[in-house]
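Each chain is listed here by its residues.
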Amino acid sequence: MTVPVADPAPARMSLNRALVPALLLGPTLLWIFFFFLWPLGLMVWQSFIVKDAFSLDHYASLFTTPIYARALWTTFEISIICTVGSLILGYPVAYYLVVGDARIRAVVMILVIIPYWLDYIVRSFSWLILFGRRGLVNRFLIDIGLITEPLQLLYNLGSVLVGMIQIMLPLMILTLFGAMLRINRQLVAAAEIHGASPWRAFWSVFFPLSLPGVYAAFLLVFIISLGFYITPALLGSPKETMISQIIMLVATELFDWPLASAAGVLLLAVTIAVVIAYNRAFSIERLWGGKEA
Amino acid sequence: MRHHEKDKELALSLLREALDETRGLDRRAFVKKLGQVAAGSAILGSFMGMAGSAGAQTRTLTTMNWGGSFQEAMVGAFISPFEKNNPAIKVQYLTPYNFAKLVAAHQAKAQEVDTLTLASVDMLRAQEAGMFQPLDWSKIDKTKLSEQQYTTLPNTISSLTLSDVMVFNKKKWPSGNHPKSWADFWDVKKFPGPRALERQANKAIPIALMADGMDPKDPKFYPLDVYRAFKKLNEIKPHIKKWFTQGGEQQQMIENEEVDLLLMWNGRAADSILKNKVSYEIVWNQALYTGILQGWAILTGAKNPDDAHKLLDFVGRAEPQAAFARLIYYGPANLKAYDLLEPAFGKLMPSHPDNVKVAHQYDYRWLSTNLTEITRKFEAWLTA
Chain B
1042 MTVPVADPAP ARMSLNRALV PALLLGPTLL WIFFFFLWPL GLMVWQSFIV KDAFSLDHYA
1102 SLFTTPIYAR ALWTTFEISI ICTVGSLILG YPVAYYLVVG DARIRAVVMI LVIIPYWLDY
1162 IVRSFSWLIL FGRRGLVNRF LIDIGLITEP LQLLYNLGSV LVGMIQIMLP LMILTLFGAM
1222 LRINRQLVAA AEIHGASPWR AFWSVFFPLS LPGVYAAFLL VFIISLGFYI TPALLGSPKE
1282 TMISQIIMLV ATELFDWPLA SAAGVLLLAV TIAVVIAYNR AFSIERLWGG KEA
Chain F
699 MRHHEKDKEL ALSLLREALD ETRGLDRRAF VKKLGQVAAG SAILGSFMGM AGSAGAQTRT
759 LTTMNWGGSF QEAMVGAFIS PFEKNNPAIK VQYLTPYNFA KLVAAHQAKA QEVDTLTLAS
819 VDMLRAQEAG MFQPLDWSKI DKTKLSEQQY TTLPNTISSL TLSDVMVFNK KKWPSGNHPK
879 SWADFWDVKK FPGPRALERQ ANKAIPIALM ADGMDPKDPK FYPLDVYRAF KKLNEIKPHI
939 KKWFTQGGEQ QQMIENEEVD LLLMWNGRAA DSILKNKVSY EIVWNQALYT GILQGWAILT
999 GAKNPDDAHK LLDFVGRAEP QAAFARLIYY GPANLKAYDL LEPAFGKLMP SHPDNVKVAH
1059 QYDYRWLSTN LTEITRKFEA WLTA
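So the sequence lines, in the order shown, correspond to chains B and F. With our numbering, letter number 7 in the first sequence gets 1048, and the count goes up by one each step, no holes. With our numbering, letter number 246 in the second sequence gets 944, and the count goes up by one each step, no holes.
Okay, chain F solo, but in the shape it has when bound:
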């Protein structure tokens, strides 16, 4: 395995330097440092690249992602250090992430994308549809990963964790007496104020059940009791000012104080709170946690599986995982990454043990087969 290490050495050392020297500082400082160390290594990088692939032509590796801040983080933590170390490889991005498109390409046997991170529920759907090719573990160093990264789903490397969290306006509830659970979210008398939720059945239904008193860790949480959830959702419907669909809308809503209480993707919430200093706060209690399903895989029919393996031997490691968290506030799946993060920062990560303890974990195995059905019912309920 030693001969593979050369592909990563430079990239890993760059990230380590940037992480160590800005430990405890904000995102901006990290981005700046990352740029500096990358620039400082430019000459070294091209030298190593030439040595490593003398005479080799540029090869393309195609990925797909959600675009926007997600792409920025992906490039900063994964792609750009990797490319610096492997100048013969040019990584291409397709955006936005569109699973339907990947499925269509798979069915037409014309897959354009080599490797990518898929959304949790799509990981299972893709697995089922035979869209992942077997990983060659002789090309990927397992000892650099947390065990959970390669045992969660065969032929994938778990890479990031997300939570959907409740976020409240601190100006409205400055004392300790603020909404702390989904039952409080539903309590419009005790906590009056406009609210927003995401237009997603798999989020609205579990939070309604928790608001109705179900224990987030209840082993009978799934199959979701849809009937009970809609009854509970009827109570809150008139108080939901917006059922949003886009990531940007959530941030716009707290940055303009459009609503006082809402569900948000934890990364978007942290971005607005840490970077744009909005006075809103995350409630980790009863967060909807993805678990560590979401990760990298190489697609069946990939045109460049060799370089895809090279990338996958890199992205799961502690350094890029920690760098990704610093850039976009989604939690690492590699628990070794926490050694490279300031403890206070680690507490803002969905995969932090304290946060996992109080969260509700999605059951994607149930959702992957039932999501379309509950979405149909949810949309009918919503537009009625």
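Here chain B stands alone, though its shape is the one from the complex:
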């Protein structure tokens, strides 16, 4: 076998230029087409068909049957609170991961990542054990004499939120961490040299620079929250029924696939609308390497 010498032939260069991306991206694109876009298209199509004719009936019944509209509203409500909660809890941790003591940082990083590896169902189930009537939390509160009767900690909005925030926190922290790493921290040092207190330097320099990361992490966590299924099913009551649970019910118990498709399409459409509006307001594409922040 001979080692090829650099070949400057322009024809070959351009062939490579076309071929290499095709080879690299082709399999994934084919996969996405056949296993995502094609079935998605079928689903959209199905949602508009009633007895072989085009119709908006499925969408009409989505909007006129209170249970679907309610579930959609609940889904947005829970997702927003979950995202805000994850942000408030996650921002300080991400900040510490950027500026804190190196050895402690490594430990914190491990603590953030390990739960990320655990299955959703396992993490949701563990709250059942912690928050139960005879669970650790209630037993502790009774032992220290704070309460005499166990509190109802499970099967309500609170337990759903705790479960979801716990699941979303690592993603929030890691996304913020990635964005914060790109901030030039000499700017903070410069502010301090010019007499700003550390607090002032953080608020006037670091925090504004971290906002694109905040916007991106917020959107990412919010969108994933919209699709939660098992956590509200295990930790919630019927009041916390989210749209995925309804879609599942309609598809597998009511056998109304066109209606389930319509609900899925509606969720997708609303999500895309949110992303577009959000992007207009905060231009998050900067973070993905568009214009420099």
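Please note that a few of the clues may not be correct.
Said to hold, decoys possible - Think about it this way: if two alpha-carbon atoms lie no more than 27 angstroms apart in a straight line, the pair counts; the simulated BS3-like pairs of lysine-lysine are:
#1 F:LYS901 with B:LYS1280
#2 F:LYS888 with F:LYS929
#3 F:LYS788 with F:LYS799
#4 F:LYS935 with B:LYS1280
In short, the hints are calculated from the structure, not lab data.
Here the structure of chain B is known, so what remains is to put chain F in place on it, guided by the hints.
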């Protein structure tokens, strides 16, 4: 028919040995014995298999089931002895059970599953949709079955029975003065304590009607009086801590004493009571009994109907039926299986005559056409 017997001989003898030698012992002892006799027969099994299908290639038979402990029991009682006897056949499992998926595959004329046990209400839906292929009774020995197994629904072999039962906390009500009926379940003054129910219209509505005084055997029970049921359900709604959807949740709830009174699948309840020794007890009175509708069928478009017939000639017999009951506590549909079970154990089975006598039996013919409608109403009521 004699030449078919060879396919089953070994499997049946293995099960008989394990059942007889552990009669009266617990599930663990049975599982252990089952493993031992199976291992002891390994050499014999491969020998018989080679003799039976010399040169034959491995053929696959695809089934679908609920997974978890259900799959364990299915493999232990049905599949693994069957495979031991027929080494040329490899059984594949799809989980979890998903009827919608089977219907979709049927409509697309691309059925992946050869044979399976379906849920009761799905048995009728599938029958109606033409999803079962006619069984060839020359390949299945009827004399080994109870008559009810093949007369209940054409082209199926009834295989297991389930009940949804009321279960109560014995620590809370240790004396004889414990909840004994659905009316007691509703009586939160006499029997205070957190409760749980399943998020299923076809269960919540009948128990509400019984709580409201309807006789479980009333011939006018169906069509269900949905309006009356919701009125009664309104009374209990604030006391239901959890409307569960999964099998595992029920067991978690009694194992952590999350609730004192709940509806459970009898197999899950027995599993927690016998295996994990929780101090809860089953009330058989007014249990919701499936009857013997639930069973095996071969699907239209099955790729391997021949081997599916072989499996169906095995699963309905007394030995595998008794073994399945020992493994998961759902009752046999073959009444001959009771001869292989300890009487005390038999009393824990939904199909035991004493339990059937006091149970309410689901009317799946009514439910199969009305379930979606009552589910819609129930979900609207529940999430309101």
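- request: For the pair we were handed, LYS935 of chain F and LYS1280 of chain B, check the Cα-Cα distance against 27 angstroms.
  value: holds (12 angstroms)
- request: Given the hint that LYS888 of chain F pairs with LYS929 of chain F, test it: the Cα-Cα distance must not exceed 27 angstroms.
  value: holds (21 angstroms)
query: Does the structure keep LYS901 of chain F and LYS1280 of chain B at a Cα separation of 27 angstroms or less?
result: Answer holds: LYS901 of chain F to LYS1280 of chain B is near 20 angstroms, not above 27 angstroms.
task: For the pair we were handed, LYS788 of chain F and LYS799 of chain F, check the Cα-Cα distance against 27 angstroms.
output: holds (22 angstroms)
This entry satisfies every hint, going by the numbered hints stated previously.
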